[in-house]
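Given the coordinates of chain A, assemble chain B onto it according to the supplied hints.
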Amino acid sequence: MSDLERLDRFLHTDPRDVGCDEAMAVLHIYVDLMAAGEDAAGRYPGVAAHLAACGPCDENFTGLLQAVTGG
Amino acid sequence: MTAEDLDEESASWLRRLGAAEGKRLAAERELHATLVRIALAEVRRRSASTPVTGRELDDVAHQAADDAMVAILAKLGDFRGESRFITWAYRFVILEVSSKLGRHYWRNPPVALDAGQWERLPDRLGIDPARHAETAGLLAEVRRVIEEELTAHQRRIFTAIVVDGIPLDALAEKLGLQRGAIYKVTFDARRKIRRALVANGYLEETGLERQ
Chain A
1 MSDLERLDRF
11 LHTDPRDVGC
21 DEAMAVLHIY
31 VDLMAAGEDA
41 AGRYPGVAAH
51 LAACGPCDEN
61 FTGLLQAVTG
71 G
Chain B
1001 MTAEDLDEES
1011 ASWLRRLGAA
1021 EGKRLAAERE
1031 LHATLVRIAL
1041 AEVRRRSAST
1051 PVTGRELDDV
1061 AHQAADDAMV
1071 AILAKLGDFR
1081 GESRFITWAY
1091 RFVILEVSSK
1101 LGRHYWRNPP
1111 VALDAGQWER
1121 LPDRLGIDPA
1131 RHAETAGLLA
1141 EVRRVIEEEL
1151 TAHQRRIFTA
1161 IVVDGIPLDA
1171 LAEKLGLQRG
1181 AIYKVTFDAR
1191 RKIRRALVAN
1201 GYLEETGLER
1211 Q
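Those protein sequences? They're chains A and B, same order as listed.
Using the numbering used here, the first residue of the first sequence is number 1, and each one after it goes up by one.
Using the numbering used here, the first residue of the second sequence is number 1001, and each one after it goes up by one.
Hints in this document: simulated from the structure, not taken from any laboratory.
Quantities reported herein were computed from a predicted structural model and do not represent experimental measurements.
Hints are not guaranteed to be accurate.
What the hints assert, rightly or not - Computed from the model, here is a short list of chain A residues facing chain B with C-beta under 7 angstroms:
no., residue
1, V18
2, C20
3, L27
4, H28
5, A67
6, G70
Claimed, not checked - Here are a few chain B residues that sit away from chain A, every Cβ distance over 12 angstroms (derived from the structure):
no., residue
7, S1012
8, R1024
9, Q1063
10, H1104
11, W1118
12, R1120
13, G1126
14, R1156
15, K1174
Backbone N, C-alpha and C fix where the C-beta goes; we use that ideal spot for every residue, glycine too.
The shape of chain A in the complex, shown without the other chains:
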C-alpha cells in the first residue's frame, strides 16, 4: 500500500458509521450474533462500520467476544 493510499484509508469516513454510543448500546447483541456464527455485520452494517474505524470500541468488542467465547 502506498503512503497516499494509507493516508486515504485513515481519512476515509464511512457514512454508515453509527458512532460510539449506538454501537456500544447494541454491542451485546452484535457479539452474541458473532459468537453464534451469524452475520452480525450484515444485520448491523453501521456497527460493523464503526468497529472498523474506532479502535477503542473495537477493543471493547474484542474483549466482550473473548469473554463470551472464552477465547
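Leaving out everything else, chain B in the frame of chain A:
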C-alpha cells in the same frame, strides 16, 4: 419479553436475581464472582496498552466488577432479551474496565494534553519515514488544513488523538466529554481534511464518500 422467550440460562439468571433474599443473594454472589473473573481477564488482555500494572491492575478489575454489578442490578428491568443475559451483563464490566483504564492514563501520561508533537505526524498517519521527502508536500497540506480549516475544538481533539496519540477514553476523561462526542469530532475532522485534500488534488473522491 416473557421468560418463555429467553434461553434457559438467561431465564434462570433473571428468576434467581428476582427471587427472595436467600436465593437472590446467592445469585448476586455468583454473578459478581463471574464479573470479577471477566474483569481480571480483560485488564490482563489490555495490560500492554496501559501504564497500570500488577496489583493495581487487579484493583482496577475489582472496581470495574463492583461498579458493573451495581449498574446491572439497577438496570435489570431494562434487559429485553435481545442477547443472552450473561452477554448483556459482561458488556457492563468490559465498558467499566475500558473507562477506568482511560482514567488512569493521566496519572503518568507519556504525553501532555496539547503537546502537539507534529514531528510524529508521518508515523501516526502510517507514512514511511524513508519517503518523507516525497510526501512532504502532502503532509504540509494535511497540517495546513488542520490548522486553518478545522474549528479550534476539532483541531484540539484531532491533534490530541491523532498527532499526540492520546487514547480516546483518556481524552474523554480529561475533557469531561463522552467518548462518542470525541469520536464524532474526529470523524468530522477526518472528513473535512479528506475533502480539502480532494479539492486540492491530493486525493481522489470515491463512491462511498459521495454518499
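Against the structure, the hints come out as follows:
1. V18: 10 angstroms, violated
2. C20: 4 angstroms, holds
3. L27: At 5 angstroms from the nearest chain B Cβ, L27(A) passes the 7 angstroms test, so the hint holds.
4. H28: Holds - the Cβ of H28(A) comes within 7 angstroms of chain B, reaching about 4 angstroms at its closest.
5. A67: With a minimum Cβ separation of about 5 angstroms from chain B (threshold 7 angstroms), the hint on A67(A) holds.
6. G70: Violated: closest Cβ of chain B sits about 9 angstroms from G70(A), beyond 7 angstroms.
7. S1012: Holds, since 17 angstroms exceeds 12 angstroms.
8. R1024: 23 angstroms, holds
9. Q1063: 16 angstroms, holds
10. H1104: 15 angstroms, holds
11. W1118: 15 angstroms, holds
12. R1120: Non-interface label stands for R1120(B): nearest chain A Cβ at 14 angstroms, farther than 12 angstroms.
13. G1126: 4 angstroms, violated
14. R1156: 18 angstroms, holds
15. K1174: 14 angstroms, holds
Violation of the numbered hints given earlier is confined to hints 1, 6 and 13; the remaining hints are satisfied by the structure.
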